[in-house]
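Residue numbers (this note's numbering), protein chains in the order written: chain A, 2 to 113; chain B, 279 to 388.
Worth double-checking, as some hints may not be accurate.
Said to hold, decoys possible - No more than 25 Å apart at the CA atoms, straight line, and that leaves these computed lysine to aspartate or glutamate pairs for DMTMM-like:
1. K338/B to E73/A
2. K375/B to E73/A
3. K329/B to E101/A
4. K305/B to D74/A
5. K375/B to E60/A
6. K375/B to D74/A
7. K334/B to E101/A
8. K316/B to E293/B
Simulated from the structure, these hints should not be mistaken for laboratory data.
Since this is a predicted model, take the numbers as computed values, not measurements.
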Amino acid sequence: NAGVTQTPKFQVLKTGQSMTLQCAQDMNHEYMSWYRQDPGMGLRLIHYSVGAGITDQGEVPNGYNVSRSTTEDFPLRLLSAAPSQTSVYFCASSYSQGHEQYFGPGTRLTVT
Amino acid sequence: SQELEQSPQSLIVQEGKNLTINCTSSKTLYGLYWYKQKYGEGLIFLMMLQKGGEEKSHEKITAKLDEKKQQSSLHITASQPSHAGIYLCAPTGNTGKLIFGQGTTLQVKP
Numbered sequence: 002n003a004g005v006t007q008t009p010k011f012q013v014l015k016t017g018q019s020m021t022l023q024c025a026q027d028m029n030h031e032y033m034s035w036y037r038q039d040p041g042m043g044l045r046l047i048h049y050s051v052g053a054g055i056t057d058q059g060e061v062p063n064g065y066n067v068s069r070s071t072t073e074d075f076p077l078r079l080l081s082a083a084p085s086q087t088s089v090y091f092c093a094s095s096y097s098q099g100h101e102q103y104f105g106p107g108t109r110l111t112v113t
Numbered sequence: 279s280q281e282l283e284q285s286p287q288s289l290i291v292q293e294g295k296n297l298t299i300n301c302t303s304s305k306t307l308y309g310l311y312w313y314k315q316k317y318g319e320g321l322i323f324l325m326m327l328q329k330g331g332e333e334k335s336h337e338k339i340t341a342k343l344d345e346k347k348q349q350s351s352l353h354i355t356a357s358q359p360s361h362a363g364i365y366l367c368a369p370t371g372n373t374g375k376l377i378f379g380q381g382t383t384l385q386v387k388p
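This is chain A alone, in the form it adopts within the complex (with noise of 0.2 Å):
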């Protein structure tokens, strides 16, 4: 199994652009979620799907979109980026809400 995939690994992106994140896993899970982590912030919740069809925010869902149309994948849609996107992403996935994460290697992201 790959686990928890992420591309792209680095992105650079001027203000203003959009772009999407992929996310995929191939382990079955029902629950997937995205995560931002920025320093002396921690990680915060983005969104999170329990399932297929199936999607919910976050903690900080301002600025970010997401859909779940299969079990495998869970994009996640920049729609206009800012600066204060500037961050590293994390997507991960668990058997159910109830069980362990298990995540991706992360996606850097610099917005200018």
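Assemble chain B onto chain A, guided by the hints.
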């Protein structure tokens, strides 16, 4: 809301030494996850403790949950450079939303 405080915030130890990291909750701790993160990498799941008094070990890392004290401790025996990284705790429950402590940064000097 539940908050977790980890201590110490950072730790430098000589290779071969033992060390302990603590995670204290502001509310009842029914269960806890321990994760480790190396710089520039994702989080690695270490173990989950699900009830008071439970103790689990993985290689040279042992974690215990003290429900009465609302605290968990993570103990590393005979530390190695491979143990270096950031250790994070998060309570179970919260319907899958992981709320982490601020982390403990461990450096192991060869």
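Consistency of the hints with the structure:
1. K338/B to E73/A: Since the Cα atoms of K338/B and E73/A sit roughly 34 Å apart, the hinted pair is violated (cutoff 25 Å).
2. K375/B to E73/A: This hinted pair holds, its Cα atoms lying about 19 Å apart.
3. K329/B to E101/A: holds, 15 Å
4. K305/B to D74/A: With a Cα-Cα distance of about 35 Å, the restraint between K305/B and D74/A is violated, given a limit of 25 Å.
5. K375/B to E60/A: holds, 9 Å
6. K375/B to D74/A: Roughly 19 Å between the alpha carbons, so the hint for K375/B and D74/A holds.
7. K334/B to E101/A: Status holds; Cα separation ~15 Å.
8. K316/B to E293/B: holds, 17 Å
Of the numbered hints given earlier, the model fails hints 1 and 4; all others are met.
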